[in-house]
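> Residue numbers for the sequence shown, in the working numbering: 1 to 102.
Incorrect hints may have been included.
To be verified - DEER-style ranges, computed between Cβ atoms: (1) Tyr1 x Gly99: 15 to 23 Å; (2) Leu91 x Glu21: 24 to 32 Å; (3) Lys14 x Arg85: 38 to 46 Å; (4) Glu17 x Ser92: 30 to 38 Å; (5) Thr68 x Ser92: 14 to 22 Å; (6) Ile23 x Gly99: 12 to 20 Å; (7) Asp3 x Asp41: 16 to 24 Å; (8) Tyr16 x Glu89: 36 to 44 Å; (9) Glu89 x Leu13: 36 to 44 Å; (10) Trp18 x Asp41: 16 to 24 Å; (11) Glu89 x Lys14: 41 to 49 Å.
Note that these hints are calculated values from the structure, not bench results.
No residue lacks a Cβ here, since even glycine has one placed at the ideal position from N, Cα and C.
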Amino acid sequence: YNDGIPTGSRAALKGYEWLAESIVDPAKIAKVRQLIPIARDLDCTLAQLALAWCIKNPHVSTVITGATRPEQVTENMKAQDVAPRLTAEVLSRIDAAVGAAG
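Start from the sequences, fold in the hints, and give me the full structure.
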């Protein structure tokens, strides 16, 4: 959603205006954009980076993905290959970009 709400996405559906409003928050988008260089350095998508972070997070026991199209499932599963590359340094960069939790 960095470039707006894509046609055909859930947030573009009638009745989901509330979702679109919560997603298209300039402050949230600015934080997500700070993750782009990290994803680029890891040669992955932002979605894969987010899922890899969930996989690597010791406080997360189950990672639930969402997909509308089969190719999204394939892309999401590549996060398994990204997770081992999330070193302490990379995790610190992520925390610096979006703010450390806790």
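> Hint says 41 to 49 Å; check whether the CB-CB distance for Glu89 and Lys14 agrees.
44 Å, holds
> Taking the Cβ atom of Leu91 and the Cβ atom of Glu21, is their distance within the range 24 to 32 Å?
31 Å, holds
> Do the beta carbons of Tyr1 and Gly99 sit within 15 to 23 Å of each other?
Given range 15 to 23 Å: holds, Cβ gap about 19 Å.
> If you check the beta carbons of Lys14 and Arg85, does the distance land in 38 to 46 Å?
40 Å, holds
> Could one say that the CB atoms of Glu89 and Leu13 fall in the range 36 to 44 Å?
At 40 Å between Cβs, range holds.
> Would you say the C-beta atoms of Trp18 and Asp41 sit inside 16 to 24 Å of each other?
35 Å, violated
> Between Tyr16 and Glu89, does the C-beta distance stay in 36 to 44 Å?
38 Å, holds
> Could you see if the CB distance from Glu17 to Ser92 stays within 30 to 38 Å?
37 Å, holds
> Should the hint that Asp3 and Asp41 are 16 to 24 Å apart at their CB atoms be regarded as holding?
21 Å, holds
> Confirm or reject the claim that Thr68 and Ser92 have a C-beta distance inside 14 to 22 Å.
Violated, at about 33 Å.
> Return holds or violated for the Cβ distance of Ile23 and Gly99 against the range 12 to 20 Å.
18 Å, holds
Of the numbered hints listed earlier, those contradicted by the structure are 5 and 10.
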